[in-house]
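Working from the sequences, and respecting the hints, build out all of it.
Taken in sequence, the protein lines are chains G and L. Last residue of the first sequence? That's 650 in the UniProt record's numbering, and every number before it is there in order. Last residue of the second sequence? That's 650 in the UniProt record's numbering, and every number before it is there in order.
Derived by calculation from the structure, the hints in this document are not laboratory data. Mixed in with the good hints, there may be bad ones.
[What the hints assert, rightly or not] With a Cα cut of at most 30 Å, we get these calculated DSSO-like pairs of lysine-lysine:
| hint | chain 1 | residue 1 | chain 2 | residue 2 |
| --- | --- | --- | --- | --- |
| 1 | L | K503 | L | K441 |
| 2 | L | K645 | G | K267 |
| 3 | G | K441 | G | K497 |
| 4 | L | K630 | L | K619 |
| 5 | L | K267 | L | K323 |
| 6 | L | K503 | L | K449 |
| 7 | L | K630 | G | K619 |
| 8 | G | K645 | G | K630 |
| 9 | G | K323 | L | K449 |
| 10 | G | K633 | G | K619 |
| 11 | L | K323 | G | K449 |
| 12 | L | K630 | L | K645 |
| 13 | G | K449 | G | K497 |
| 14 | L | K267 | G | K323 |
| 15 | G | K323 | L | K441 |
| 16 | G | K323 | L | K208 |
| 17 | G | K449 | G | K503 |
| 18 | G | K323 | L | K497 |
| 19 | G | K441 | L | K449 |
| 20 | L | K633 | L | K619 |
| 21 | G | K503 | L | K323 |
| 22 | G | K169 | G | K270 |
| 23 | G | K323 | L | K270 |
| 24 | L | K633 | L | K645 |
| 25 | L | K169 | L | K267 |
| 26 | G | K323 | G | K270 |
| 27 | G | K270 | L | K323 |
| 28 | G | K619 | G | K630 |
| 29 | L | K323 | G | K497 |
| 30 | G | K645 | L | K267 |
| 31 | G | K208 | L | K323 |
| 32 | L | K323 | G | K267 |
| 33 | G | K267 | G | K169 |
| 34 | G | K208 | G | K270 |
| 35 | L | K503 | G | K323 |
| 36 | G | K208 | G | K267 |
| 37 | L | K619 | G | K630 |
| 38 | G | K645 | G | K633 |
In this text, all values refer to a predicted model and were calculated from it rather than measured experimentally.
Number of protein chains: 2
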Amino acid sequence: MASTGVPLEARAQARADMARARSRTSFDIVPVRHWLHGDAEAWENHAQLVRIVSHEAVVNLPGRPFMSREERYANGQAIINRFNELRIQNQWSDEQLERALLVTGQILPSSLHATAFQPVILRQGSDEQIRLWGPAISARAIIGCYAQTELGHGTDVAALETTATFDPKTDEFVLHSPTLTSTKWWIGGLGRTATHAVVQAQLHLQGKALGPHLFFVQLRSLEDHSTLPGRTIGDIGPKALGAHQAVDHGFLRFDSVRIPRFNMLSKFAKVTREGQYVQPPHAKLVYGGMLYIRAQMNHHAVWLLGKAITISIRYCTIRRQGKVGADGLAPQVISYPSTYYRLLPILANAYVFNAIAHHLHAEYEAMSALLARGDASLLPEVHIALAAMKVLVSTDALAGLDIARRAMGGHGFSEFAGGGRLLADHTPAVTYEGDNYVLDKQVVRAAVKGHQMGVQLPAESLSVFAFLGQLAAPMSAPVSARDLAQTLRYRAANVVKNFAQLKDSTQDPGAEARVSRAVGDAYVAGIAANALEQGLPGGEPVHRLFLLHLLTTVESALADLPNVDSRALRAHIGAACADILPDAIGLTDAFGFTDWELDSALGVYDGAVYDALWERASKSGFNAASPHEKEYKAHIMAILERGRKEVARL
Amino acid sequence: MASTGVPLEARAQARADMARARSRTSFDIVPVRHWLHGDAEAWENHAQLVRIVSHEAVVNLPGRPFMSREERYANGQAIINRFNELRIQNQWSDEQLERALLVTGQILPSSLHATAFQPVILRQGSDEQIRLWGPAISARAIIGCYAQTELGHGTDVAALETTATFDPKTDEFVLHSPTLTSTKWWIGGLGRTATHAVVQAQLHLQGKALGPHLFFVQLRSLEDHSTLPGRTIGDIGPKALGAHQAVDHGFLRFDSVRIPRFNMLSKFAKVTREGQYVQPPHAKLVYGGMLYIRAQMNHHAVWLLGKAITISIRYCTIRRQGKVGADGLAPQVISYPSTYYRLLPILANAYVFNAIAHHLHAEYEAMSALLARGDASLLPEVHIALAAMKVLVSTDALAGLDIARRAMGGHGFSEFAGGGRLLADHTPAVTYEGDNYVLDKQVVRAAVKGHQMGVQLPAESLSVFAFLGQLAAPMSAPVSARDLAQTLRYRAANVVKNFAQLKDSTQDPGAEARVSRAVGDAYVAGIAANALEQGLPGGEPVHRLFLLHLLTTVESALADLPNVDSRALRAHIGAACADILPDAIGLTDAFGFTDWELDSALGVYDGAVYDALWERASKSGFNAASPHEKEYKAHIMAILERGRKEVARL
Ligand SMILES: Cc1cc2nc3c(=O)[nH]c(=O)nc-3n(C[C@H](O)[C@H](O)[C@H](O)COP(=O)(O)OP(=O)(O)OC[C@H]3O[C@@H](n4cnc5c(N)ncnc54)[C@H](O)[C@@H]3O)c2cc1C
Ligand SMILES: Cc1cc2nc3c(=O)[nH]c(=O)nc-3n(C[C@H](O)[C@H](O)[C@H](O)COP(=O)(O)OP(=O)(O)OC[C@H]3O[C@@H](n4cnc5c(N)ncnc54)[C@H](O)[C@@H]3O)c2cc1C
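See the structure below:
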């Protein structure tokens, strides 16, 4: 297009740039899209849901920035209400309903009903409890939340203060909040919505404290939604960064609330009519079920990263800025090494994390199947792999969302860009489901234990412990996926060995995060290298992305790898980036996001970014005439008049 | 307190922990406070302003999270209006007014009146122009904005499309926006407020384009604030992360708007009555004035970091979580190495950046004084030092704000914590006043040029180029400030040398940011080491903070320093942290923030965090009864009823 020598107007040039970049795609995106979504059927299901959901007037994505918190909450409830109707109309399963809600790309008031309340009851309730409560939960005849965290206690579940004291006289538990800090806090969906909760409370039997247990507690009337006696409930207030606006995270206090003995979730531990405690058969079994959300989180991170990087790469493809070249045009900003070096590794992460998410999902399922037969043999491996990946994926996704947003310059700071929203919503993922710094310690402890026990697995076992003992000095210029992965296993083995030699972590206070990262990097590298060897859909471009991930991971580990030739490594990174660049648009198109899903003025499929920004800005409610006049009369006029008088006095 | 053996209730324990931590302060905070503020007088002025301003009802800091964007904007105007009144009452100078507005800790609708509009006119206007417009600007009889960026052009000022064509017939310039992408965009205070703008536009004289020049343009009527003919003005919409809500960033299009020839800012370039262009005597002089905001930004970053780290260290001092120890209490989370390793380096950065800000401020003043005499000899040094520090300080401040917020776990994600607000407001600082990645290239270019010219300065010269030629291999275990700084100069010299040997940056696409960082680190280290040798107020604790900064900077550079013994270095970091820890509260108290200024439930001076969170949450407007019922009736009731019917059908 530029070949006529006459530069197009910038907005036309933008469309032309996007079309040209897309036309350079060298691979078939269909199999890649299927791989990203799981398989062809999963993709079809997703696309079908998007078609249905995007036509629902209640899902007003571009309207979100103009809604107050009240309105966001009300809209969230309206969406859930409508989608429940759609569930019945379309005969969706529970899982399909969840996916449909996910497709709206926002965190809804009672999202924890399906992701925490329901799974906990299904996994920890007795058969009788599930029979009694299950149908109402499925049908949403009751709406639940998961009430564990307290004002004073999050990470430290053992220290929860809420008590559940058995009263043998009435065959009831008495739930009580003895202190201010025992107030349940941060409970999603509690503030205004939930009719029921699963409550973690300290079980007291005959004066003895038996640690936290789970109780099924009604909070609000099913007649008129009024708060039941003895409960004090409220919303904990707005969240940082304008995030999670639609959610009514709540607080909850109990003033000697009585519930039937039956309401203690009792698949594992039980209390008899006489007030005797019946131990769970396998303590670990309780724990296994709790890992479900961590396995899910990896998938969510992939889709958030996918959205952010699609937006950013598209915008940087049409944005031109800098010294005009021979073609009479400023360069596309994606063409600057300092830009593509920021963006392509994020794209690579999204792809590699997809492989991780699918791998861990399968591992989790295998473990669950064994656990159901009372076999906990896979638990240690899966527990640590999930912990390491919870930390690594949530941390790198957050970093990637941030870098992708910043790469868009000023326009990236507009709410209309969409990148800020993705970043804000993902921000607490490094904190909930196990604070990352706390999980680091678990990963390090397991790694050091393995090291000290002399565990040695085949290096290519795909275990999170595969690095143990891989202490042979690495080559100076690793290039193949296999060698890069081995370099990262060496590095993990080495930093774990060094850590094990410390007297304590005060000697190296940053060590835990670094060691956990090394273990996680080695695990990801093993899976990535294996996937490369097995072959990936899309051929070369996808292979290069995986290789770029391995190369940049080794680059990030250079401080631990003094023998590696950094200059050669970086030249390989440069070459990999240059090879991937022409396919960057194709590789983001492969995610298959519609403009509706992205809801971004900068990420529009056709590259017409300037038109999209203009349209959103000129439609903005803030541009209405009347409120403006009000403020002028109230304040601006006074400022100007005061100024005029002052000037006149001079 | 804990010595009785009976643990206090957590909320009482929190106060006791704070009092105890404060009582352990080993140094006199008064001189440190003066140093942080500049001197005793600056501190007194600040404290006095806080006393006045905090009693103004219009400044409702805790109310902000509950205001809509409309309300935030209106409140911002009300603040400016009231403060203008206070200015007259208290006979504040322009600068005192600015400081008073700063003390409110928020970005106000027309903050660019004083930080861009006014300085640009004062620096680039002719004497006659300043005489004519200056008093009205000072008195705010007119309100201005700075309109440079366009929808299609930010970084690339040379490519701006707005034209200013001289019409010799009428002795006027005609301002015009020829395309959609030429629309002025992102202009702070323009959307609803400004009566005037300084506009960057391409000067066209007799058919010749002479590049961007500045024009003084009225936008709105001073009678009734209506938009003048030929201007199309609006607000560009909300910003990401809920940030800068009070600001009406605007767009502006010109449809052949005529302004008198007099309105081209003409201290430097001029256009004669005949339409002849008179060249500026020194092109560089124009540029010098533009560096003012960059020099200011370092100070702002220090105060933002100071607030964030005060909040975070205070909260982590009273927050207890984890295995109960011999004293019957869970550990304070600040006592975990993985926590203090995250927080103390941020505290160190705030202190060291304060030294940088004061140093650069003095350099800037010296340069300005010379420039005023037509001497541009200091410009290259100060320009590159300011560019390197714009990048380094804004980047590290943003990272520090993020780490400090995350360190507070779940409660850190509450808007009431305050950390999110600081982070969100600082976010665009890495983009405006020169996108950091673009500035990196300027720093690298200057460094490589110096290297190629064989420039060599005394290593301890405090110049941003002091590292050049410092290629003697570093010692393996640097410990003193002097040696640590020399290590960082060696590293800068080395990475610049390596970069200069590359064919081009595609061979190492991440190099520019890395090289710029190395140059910046060396510069900061030189100033920090020099300050340490000169002696700092507060004695040992402050010295240790500076040392910790140097140690952790070398740690972050280990990939470039394969000879440095990382284990020894980290042991020093551990020891420095352990030494600083007992003074952490004192070192944050030294900033002198009042609870009003911090506006944070987690950062309260007395440690009564849980009471503060409870109070803010229970007062939250979202807990009012009536809207809740509305949503229940509109949606929740329908969801539950549908569910009940479904269960009944089973
Ligand atoms: C958006 C959001 C939604 C949530 N939803 C729910 C919900 O629906 N239900 C629910 O029950 N909870 C919920 N939570 C709470 C969440 O589970 C906790 O915030 C999380 O477990 C972290 O605990 P904390 O907040 O107490 O952090 P803390 O444990 O207080 O962490 C504070 C700091 O101390 C450090 N630290 C703590 N312990 C240790 C240790 N042992 N060793 C080293 N360092 C340590 C941490 O790394 C962190 O830096 C939610 C939280 C958020 C932010
Ligand atoms: C909150 C806020 C307030 C603002 N206020 C004002 C105001 O009052 N008045 C005003 O005039 N402007 C204002 N701006 C605009 C601001 O000055 C620009 O956003 C800034 O200069 C960056 O330019 P850009 O947005 O065009 O980014 P771009 O230049 O488009 O940058 C996009 C990407 O391209 C990269 N890039 C661009 N050029 C190059 C290059 N040559 N080499 C390598 N990489 C490159 C960048 O690193 C970035 O990743 C404001 C912006 C914000 C966010």
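Taking the hints in turn, this is what the structure says about them:
A hinted pair counts as satisfied when its Cα atoms are at most 30 Å apart, and K503/L with K441/L qualifies at roughly 16 Å. Between K645/L and K267/G, the direct Cα distance comes to roughly 28 Å. Compliance with the 30 Å bound is thereby established for this hinted pair. At most 30 Å may separate the alpha-carbon atoms for a hinted pair to count; K441/G and K497/G meet this at roughly 15 Å. Our distance criterion of 30 Å between C-alpha atoms is met by K630/L and K619/L, whose separation comes to about 20 Å.
The suggested pairing of K267/L with K323/L is violated, with an alpha-carbon distance near 69 Å, which exceeds 30 Å. A threshold of 30 Å between alpha carbons decides the hint, and for K503/L with K449/L the separation of about 15 Å falls inside it, so the pair holds. Annotation: proposed proximity of K630/L to K619/G holds, straight-line Cα distance about 29 Å (limit 30 Å). Proximity of K645/G to K630/G is assessed by CA-CA distance (about 22 Å); at most 30 Å being required, the pair is judged to hold.
Distance hint between K323/G and K449/L is fulfilled; the C-alpha atoms sit about 20 Å from each other, no more than 30 Å. A C-alpha spacing of about 24 Å is found between K633/G and K619/G, which places the hinted pair at or below 30 Å, so the restraint holds. With a C-alpha separation of about 20 Å, the suggested pair K323/L and K449/G falls inside the 30 Å cut-off, and the hint holds. In summary, the hint linking K630/L to K645/L is supported, as the alpha carbons are separated by about 22 Å, within the 30 Å threshold.
Note on K449/G and K497/G: the hinted pairing holds, with a Cα-Cα distance of about 10 Å set against a maximum of 30 Å. Restraint check for K267/L and K323/G: satisfied, since their Cα atoms lie roughly 28 Å apart, inside the 30 Å limit. The straight-line distance between the Cα atoms of K323/G and K441/L is roughly 13 Å, inside the 30 Å bound, and the hint therefore holds. Proposed proximity of K323/G and K208/L is supported: the alpha carbons are some 20 Å apart, at most 30 Å.
Restraint check for K449/G and K503/G: the C-alpha separation of about 15 Å stays at or below 30 Å, so the hint holds. Annotation: proposed proximity of K323/G to K497/L holds, straight-line Cα distance about 26 Å (limit 30 Å). Of the supplied pair hints, the one linking K441/G and K449/L is violated, its CA atoms being roughly 47 Å apart against a limit of 30 Å. The straight-line distance between the Cα atoms of K633/L and K619/L is roughly 24 Å, inside the 30 Å bound, and the hint therefore holds.
Taken as a hint, the K503/G and K323/L pair is honoured in the structure, with Cα atoms around 20 Å apart against an allowance of 30 Å. With a C-alpha separation of about 18 Å, the suggested pair K169/G and K270/G falls inside the 30 Å cut-off, and the hint holds. Taken as a hint, the K323/G and K270/L pair is honoured in the structure, with Cα atoms around 26 Å apart against an allowance of 30 Å. Taken as a hint, the K633/L and K645/L pair is honoured in the structure, with Cα atoms around 17 Å apart against an allowance of 30 Å.
Between K169/L and K267/L the CA atoms are separated by roughly 24 Å; this keeps the pair inside 30 Å, and the hint holds. Proximity of K323/G to K270/G is assessed by CA-CA distance (about 73 Å); at most 30 Å being required, the pair is judged violated. A hinted pair counts as satisfied when its Cα atoms are at most 30 Å apart, and K270/G with K323/L qualifies at roughly 26 Å. The suggested pairing of K619/G with K630/G holds, with an alpha-carbon distance near 20 Å, which does not exceed 30 Å.
With a CA separation close to 26 Å, the supplied pair K323/L and K497/G stays within the 30 Å bound. Distance check on the hinted pair: K645/G and K267/L sit about 28 Å apart at the alpha-carbon level, within 30 Å; holds. Among the hinted pairs, K208/G with K323/L is consistent with the structure: their alpha-carbon atoms are about 20 Å apart, no more than 30 Å. Simply put, K323/L and K267/G have alpha-carbon atoms about 28 Å apart, close enough for the 30 Å limit, and the pair holds.
Between the alpha carbons of K267/G and K169/G the distance comes to roughly 24 Å, so the proposed pair stays at or under 30 Å and holds. A threshold of 30 Å between alpha carbons decides the hint, and for K208/G with K270/G the separation of about 15 Å falls inside it, so the pair holds. With a C-alpha separation of about 20 Å, the suggested pairing of K503/L with K323/G holds against the 30 Å cut-off. With a C-alpha separation of about 21 Å, the suggested pairing of K208/G with K267/G holds against the 30 Å cut-off.
Between K619/L and K630/G, the direct Cα distance comes to roughly 29 Å. Compliance with the 30 Å bound is thereby established for this hinted pair. Simply put, K645/G and K633/G have alpha-carbon atoms about 17 Å apart, close enough for the 30 Å limit, and the pair holds.
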